[in-house]
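Visitor: Chains as they are written, first to last, in the working numbering: chain A, 335 to 667; chain B, 4 to 261; chain C, 4 to 261; chain D, 6 to 316; chain E, 6 to 316.
Hints were generated in silico from the structure; no laboratory data involved. Each hint should be verified, as a subset may be incorrect.
DEER-style ranges, computed between Cβ atoms [as the list claims (entries may be wrong)]:
1) 117/B x 191/C: 52 to 62 Å
2) 34/C x 72/D: 52 to 62 Å
3) 108/E x 34/C: 25 to 35 Å
4) 186/C x 66/E: 54 to 64 Å
5) 251/C x 16/B: 20 to 30 Å
Covered stretches of chain E, going by a simulated chain A footprint (3 or more residues, C-beta under 8 Å) [what the hints assert, rightly or not]:
6) 89-95
7) 170-177
8) 271-284
From chain A, some residues computed to sit far from chain E (all C-beta separations above 10 Å) [to be verified]:
9) 385
10) 458
11) 464
12) 575
13) 607
Note that beta-carbon positions come from the ideal geometry of N, C-alpha and C, so glycine has one too.
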Amino acid sequence: GGDDEGSSSSSGGGSAEAESLRLGYFPNITHSPALIGVNKKFFETALGSGTKLETKTFNAGPAAIEALFSGAIDATYIGPNPAINGWAQSQGTGLKIIAGSTSGGAGLVVREGINSPADLKGKKIATPQLGNTQDVALRAWLKENGLNADQQGGGDVSVLPQDNATALQAFAQGAIDGAWVPEPNYSRLILESKGKVLVDEKDLWPSGLFVTTHLIVTQEFLKKYPGTVKKLLQGHLESLDYIEKNNADAQKAANAQLAALSGKPLKDDVLAASFKNLTFTADPVASSLFTSAKHAEDVGLLKPVDLKGIYDLGPLNELLKAAGKPEVSDAAA
Amino acid sequence: MSLLETRDVRTDPLVRLENVSKTYGSGSNALLALDGVSLTVQKGEFVCLLGASGCGKSTLLSLVAGLDQISGGTLDIGGRKVSLMFQEAALFPWLSVRGNVELPLRLQGVSRPERRKRADELLDIVRLRGFGDKRPHELSGGMRQRVALARALAQNADILLMDEPFGALDAMTRDILHDELERIWREQRLTVLFVTHNVREAVRLGDRVILLSSRPGRVIEDYPITHERPRRIDSPEVSGQAGEITDRLRAEVARHAQ
Amino acid sequence: MSLLETRDVRTDPLVRLENVSKTYGSGSNALLALDGVSLTVQKGEFVCLLGASGCGKSTLLSLVAGLDQISGGTLDIGGRKVSLMFQEAALFPWLSVRGNVELPLRLQGVSRPERRKRADELLDIVRLRGFGDKRPHELSGGMRQRVALARALAQNADILLMDEPFGALDAMTRDILHDELERIWREQRLTVLFVTHNVREAVRLGDRVILLSSRPGRVIEDYPITHERPRRIDSPEVSGQAGEITDRLRAEVARHAQ
Amino acid sequence: MPSKFPSARAGLEGVSGDSTAPVAEKVGVNPEAAEVAGLDALELQPKRDKGRLGKRVWRSTWPKVLAIAIVLLVWQITVWSEWKPIYVLPSPSTVFTDLGNVITTGDFWDGVRVTMTRAFTGFLLAVVIGTIIGALVSQFAPLRAAIGSLITGLQTMPSIMWFPLAILLFQLSESAILFVVVLGAAPSVANGLISGIDYVPRTWLRVGQVLGMRGVAKYRHLILPASLPSFISGLKQGWAFSWRSLMAGELLVIVPGALSIGVRMQQARDLSDSSLVICYIIVVLIIGILIDVLFNAADNALRRRWGLLSS
Amino acid sequence: MPSKFPSARAGLEGVSGDSTAPVAEKVGVNPEAAEVAGLDALELQPKRDKGRLGKRVWRSTWPKVLAIAIVLLVWQITVWSEWKPIYVLPSPSTVFTDLGNVITTGDFWDGVRVTMTRAFTGFLLAVVIGTIIGALVSQFAPLRAAIGSLITGLQTMPSIMWFPLAILLFQLSESAILFVVVLGAAPSVANGLISGIDYVPRTWLRVGQVLGMRGVAKYRHLILPASLPSFISGLKQGWAFSWRSLMAGELLVIVPGALSIGVRMQQARDLSDSSLVICYIIVVLIIGILIDVLFNAADNALRRRWGLLSS
Ligand SMILES: Nc1ncnc2c1ncn2[C@@H]1O[C@H](COP(=O)(O)OP(=O)(O)OP(=O)(O)O)[C@@H](O)[C@H]1O
Ligand SMILES: Nc1ncnc2c1ncn2[C@@H]1O[C@H](COP(=O)(O)OP(=O)(O)OP(=O)(O)O)[C@@H](O)[C@H]1O
Ligand SMILES: [Mg+2]
Ligand SMILES: [Mg+2]
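Work out the full structure, taking the sequences as your base and the hints as a guide.
Guide: Right, dumping it as C-alpha cells:
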C-alpha cells in the first residue's frame, strides 16, 4: 500500500464545497454509523448550511455501486466486496475508500450436532452471495480445514449462496445445515433459530478485526470537493464517537432510524447482540481487505486485481490527528 | 312412394308445441317473439314454415332444438335427436370443408375411413365434390350454405330443422337440392321442419305449409299440400297454391305494416 | 319518369371492366374465379348479375369495390365513391343498430343531430323503425340484412354494389324494398350493380341483366330489360322475360354440371 | 302432461330411452342448475330474477366466502397439526392480528397511496406507450419484422436487470421506478393489441375499407373496438406485470417517510417475520383482486354489448 | 388506357380529382407498397412471389438487421460521446468480446441447458395446470365467482414472495423452483383460456350444442379450437411470466453442477460488471426472441387456417 500519493493528492487541496452531498447507506445494523449520523443529524451539522445532504438507501451493494457509477450518489457506506468489484470494474478510477465504519460481526452458525469442521462433510451451508466476504471466508476456512467446495455447490461441503431472508428461513426449517452470515442475521440465527456458533470470524483475524462496512466516495467528487468530503468524515467520526460514548442511546438511535426506513425495528435482544459483536471504528482494517481479496483470488472467485490506491485515508487522518486520535493505515498486513 | 304410405306414419306426433311463447329480454326491453304457438308435427312429416321477416321462425326452430328455453307453454320432442341447419352457415373456420362435414360423424364415433367416405358422399350430394380440402373462407356464400346442409345431414338425426337452407342458391342448384333433400327425407323417414321465404319452395317440398303472423309470431294458417310427389317447382299446381298462400301472406304483412 | 330520361345519362361509362380475370391462391391450389370478364356500366344504370352459386359474382363486386386486386385485365371506376352491401350482413356487434347505420355518416363528418335524423329515416325505409337501440345479435337474419342495406345507403356513394341484398326477406317485405330502392336509385341517380339469384327480382329492377357462366365466371349473356317502370314483380312481362332467362341459366348450370 | 315451463320434455326423456338425445337433457335442466352448467349458461341463463339484487349479490358472494373459509380451515388445521413450528407457519389468528395492526396505522395507508400512485402512473404510461407501439407494429410490416419479437423478448427480462439502465438514465428518481414498471407492462399491452388486431375478422376489415375508413378513423371505429377483448386481456396481463415490476422497482429508490408496499414486503422478508410476510401477501392479493374486479366489470360490459352474455 | 395489371385506375385517380374516393387509391397501390400498408396487406398481399424464398427471407430479415444496426450505432455514439465512463456503459465491442468469451465455454451451455430444462418443465406444468384451471373456472359459475379474480391476484404477486412457501413445501429442491415458475405462469395460461372461452361466438356454441357436443368432446372440438388465438396469446404471456419467475427462482436453489442463467445474471450484477450484465441481457433477450418466434409461427399457422392471412 502507500500513504503517499492518495493522501497527498487531496490533503493539500482547497476547501471547495459541493452544493449537495448525496450519501447512500443501507437500512442495516452494520451501517449503524450512517443510521445514527442521519438520525442525530451529525452529517447535516458537519456539512453546515452550504451543503445540502441527500440520503439514499439501498438494499444491496450492486445497486449502490450502480448508483455511484452513474452519478446518482457521491458517497456511500458499503461492504468490502462491492467496493472491490467496483474498483476492479472501473480499473481503479471509480471510487476511493475514505474511512472504515464497521468491523466484525460475522461467522458460521450451524445446527446442533455439528461440532467440528469434519462434521460438515456432505452438509449444506449458505452464504449471502457467491464471492462476497463471508463466502470467501467460508471457502478459505473450509480449505484450511481440508474440505473442498466448488463454485457450483458441489464438493465435500455444499456452499449455497442465498439471500439472507431465504437463508434464515431455510435454516429454520432444516433445509440447510448452517450459514456464514453477517449481523444481524448472525445473531438472529443464534437467538431465534437456536443455531450454534461454529466459527466466529473474529477468531480468524489477527487483531480480531476485519472490515464489514466502510465509506467510499467517487474519485471525481473527492477531487472536486475535498472540503465537503472532510466534513462528511467529520460527521462520520462524530457518529462513531457517539456510539463509543453513549452505546445504549446509539443503539436506540440506530434502531429508530431502521424503523423509519423499514417500518419495523429490530428486536431488542438481536439489537444488543449485534452491537456486541460489531466494532465500530474509523479504521478500515485495510489488511483484512487485502487478505480477503487474496483469498478470493485463491479460490478463483476474483480475477487478480491490483488494489493499490483503493484507499485515500489522508483526509481522515488529518481529522484524527486534529482530534488527537491515532491515525489509521492503508497498509496491507 | 304413395301418399298412403306417408300418411301411415302420421299418427305418431313427434314434435308437439302447445301454446308456446317466447320472450326475449326483460322489463321495458322485453320483446315477445312468439305467442301461443301450437303445432304438432307427425313422424316423417315435412312441414314448411312461412312468415314475414322477424316474425319468429328462427326462434321457433331454436326452441325445438333446445337452444333456447321457452317462456311459456309446453314443448315436447320425445327426446329425439335433432339437427339444425342455421340461417347463417356457421362453419368452423379451423376445419376444412370436409372436416366440418365429418365433425358430426366424429362425435358419433364413426371410424376414419367410414367418415371420409360418408363426407365425400354428402359433398357429392350438395354438389361440392372436390372442395373437401378448401377452408370455409375460400367458399362462396352459396357453397358455405351447402356445406352447412351436408353437415346437418351428417348428423343422422330424427328431426331435421332447416332455416332458409337454400336462400343463397341459384334456381337450378336449388332444384337439384330439392330433389336430393326429398329423396333423403323419404329414404331415412326424417321429420323435417323447414323455414323459407320462397312460397313455391314450401309448396314444392312440404306436406304442410304453416303460416306465422308477424310479431308476435302465431300460427295463422295451416295448408295441407296434397299434390302428388314428385312435384316440380314450376308446375301449375305448385304455382297455383303458392299464389294463394302468397296472397294470404301479403295480407298478413300488410296488416302488420299498418 | 320516362325511359328517355334515364337513357340520357347512359352515354357516360362509369364502371368499366376489360378482360378482367381473378385467380385465388397460387400453384396447385389456384382457383380461377373470373376469366376475361368485360362489362361496362353507364352512369345511372341499374345492372343485375345472375349466375350459379360459386360462379364469381361476389368476387366481381369485391374487385369493383377495390377489396381485392384483379389478376389481369383493366378495371376502371373513375375514382367514384363505392358502397358495397355484403352477402353476409357483417354488422359491427359493438354498435347498436342505429350506430351501425350512423357509422358511414360519422365518417363523413355529419353532425350528430343530422346523423340521427338521417339514420332514423333510413331505418324507416327498411321498415325497422323502433329497432334503432337494439344490438345486431337481437335481430333476425332478415332484419340484419335490412340494417346492412340502410348502412350501405347511408354511405351516399355514386356506385352501389349489392350482393343478394334481399335473399333473407319474405316476398312482401322484398316488394316494399324493391320500390324503395328503385325510388332512391332514381332520385339520387345512383349506379347500381345488383347480384341476385331471383331472376324475377333481376327483371323487376334492372335496366340490364347480365348472366355469368359457372366457374370460371364469364359474361355469357346481356339482356336489356325494356319494360316500362314502374314494374310489378308478378306482372306477365316480368314473369315472361324471367322465364326466358331462367331457361338460359338452367342450361348453363346443366352444362357445367356435366 | 306437465303444463308449465320447460320440464315437459325432460319428463319424456326416460320414456324415449334415447340416451344420445342431445336436446332432451338440455331442456329439462332447471335455471339454477343451468347457471352451473357454465358456458351453456351463456345461452340458457334465466331471465326471471333480474332485479332481485340481493339474490344476485348472494350468488356471487357465497362461493368467495366458502373459498376463503376453506383456505382458512385448511391453514388452521395445518397449524394445529404442528407440521411446522409456529414461527415458520403462523396461525391465521396471528396473521390477522398482525394484519389488523398493520392496516390501522396511517403510515400503511400512506404507503398504499405511494405505491398505488406509482402503479397507476406507470400503468397508464405503459398503456399509452404499449398502445402506440402495438398499433404501429401491427400496421407496418417492416416494423413488425424488426421489433415484433423484441417486444416479447423485453418482457421476459427480469425487472432487476433493468435497474442498472434505469439508474443510468434516471438516477435515483421516481422516474427510474416508472421506467422499470413501463418496461414491464408495455409489452403486454402491445402484444394484446397486436394479437387483437391480427384476429379482427376479415369481413369487418372489408366493411371498414368499403366505408372508406383509414388512418385514425379506422383505428377509432374499427380496429380498436374489434380488438377490444384481446386488448383488455392484454391490459390485465400488463397490470400484473407492472405490479410485479413495481414491487421490485420500489426497492430501487426508498423515499424516507411513507414506506411503499414493495419496501414493506421486502422488509418483512428480511426480518423473516413469516406472519408479516403473509400479511403483505394478503394485502397484495387483495389489491390484485380489486383491480381484477374492475377489469372483469369492463369485460362483462363488453361481452354484454357484443351479445355474448345475456343481460 | 393501360392494358395490364392494376395500375389503370390509379392512372385515372388524378383525373377524377375525387379525393374522398376510398377505392381508387387502394387499387393503384403497388404490391410492395401494399405490403407496407399493414392490415390492408392481409387482403391485398401479392401472391406472385410465393416460393421465391430468398426474397421472402430477405424481406423479413432486413428490418431486423437494420434495427440491430441502429441500436448498435446509437449505443456506440453514446459511448463515443463519453456521456458515462466506459466501465458504466461499455462499448459494443467490449460487450461482444465478453459475449464471445462467455458463449464459447461449455460451462455456459451447460447452464443454458439447466435453465431451459427448468423453463420448459415449469412452463409445461404451468400450461397443464393453467389449462385445467381455466377450463374448470370458465365452466362452473361458482368456481368462477370463488377463484376467478384470485387467479389474477396471484399473478400480481412478485415471485420472491413465494419463496417462503416454496421452501416450506419443497425445501431447497428443484421442485421449489418449479413451484415458483408454475405459480408465475399458470394464471396467464388460465386467463388466456378463460378470456378465449368467454369470447367464443354464440353461434358456434349453438352449433356445438346442436351437434350434441358435451364434456370433453365439446372442449376438444369446439372450445379449444375456437379459443386458440386467445389461448396462444395467454401462453405467450405465460412464458414471459415463467421466464421471469425462473430468473428469480433460480437464485433459490443452486444445484451442484452447472450454473444456471439466473445465477449467472445475478453474479454479473453482484460483480458490478456492466459488460457482463449486458451480455446476459442479450442472452436472455435472444432466448426470449427465439421462443417468441416459435409462438409467432404457431400463431401464423393458425391465422392462415382461419383465413385471416393469405397463404
Ligand atoms: N337473441 C335475441 N335477443 C333479443 N331479441 C331477439 C333475439 N333473437 C331474435 N330476437 C327478436 O325476435 C324476433 C324474431 O326473430 P327471429 O330470428 O325468430 O325471426 P325470423 O322469423 O327468423 O326472421 P327472418 O326471416 O328475418 O330470419 C325479432 O323481432 C328479433 O328482433
Ligand atoms: N378468399 C377466397 N379464396 C379462395 N377462393 C375463393 C375465395 N373467395 C371465393 N373463392 C372461390 O371463388 C369462386 C367464386 O366465389 P364467389 O364468392 O365470387 O361466388 P358467388 O358467385 O358469389 O357465389 P354465391 O352465389 O354462392 O355467393 C368460388 O369457387 C370460391 O370457392
Ligand atoms: Mg330467421
Ligand atoms: Mg356470393
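Visitor: Given a hinted range of 52 to 62 Å, is it respected by the beta-carbon distance of residue 34/C and residue 72/D?
Guide: 55 Å, holds
Visitor: At least three residues with a C-beta closer than 8 Å to a C-beta of chain A: is that true for the region 271-284 of chain E?
Guide: Holds, because 7 residues of the region 271-284 of chain E bring their Cβ atoms closer than 8 Å to Cβ atoms of chain A.
Visitor: Cut-off 8 Å, C-beta pairs, minimum 3 residues; does the coverage of the region 89-95 of chain E by chain A stand?
Guide: It holds, with 4 qualifying residues against the three required.
Visitor: Taking 54 to 64 Å as the hint, is the beta-carbon distance of residue 186/C and residue 66/E inside that range?
Guide: The hinted range 54 to 64 Å holds for residue 186/C and residue 66/E, with Cβ atoms some 58 Å apart.
Visitor: Confirm or reject: residue 607/A is not an interface residue toward chain E, with every Cβ-Cβ distance exceeding 10 Å.
Guide: The claim stands: residue 607/A keeps its Cβ more than 10 Å from every Cβ of chain E (closest is about 24 Å).
Visitor: Looking at residue 458/A again, its CB stays over 10 Å from all of chain E?
Guide: Violated: least Cβ distance 7 Å, not greater than 10 Å.
Visitor: Is it the case that residue 464/A keeps its Cβ farther than 10 Å from each residue Cβ in chain E?
Guide: 6 Å, violated
Visitor: Using a Cβ cutoff of 8 Å, are there at least 3 residues of the region 170-177 of chain E near chain A, or does the coverage claim fail?
Guide: As far as the region 170-177 of chain E goes, the hint holds, because 4 residues have Cβ atoms under 8 Å from chain A.
Visitor: Over 10 Å from every CB of chain E: does residue 385/A meet that, or does the non-interface label fail?
Guide: At roughly 24 Å from the nearest Cβ of chain E, residue 385/A sits farther out than 10 Å, so the non-interface label holds.
Visitor: Please settle this one: residue 575/A was flagged as non-interface, so is its CB more than 10 Å from every CB on chain E?
Guide: 32 Å, holds
Visitor: That 20 to 30 Å hint for residue 251/C and residue 16/B (C-beta), does it hold up?
Guide: 46 Å, violated
Visitor: Note whether the CB distance of residue 117/B and residue 191/C lies within 52 to 62 Å or breaks it.
Guide: 58 Å, holds
Against the hints set out earlier in the document, violations occur for numbers 3, 5, 10 and 11.
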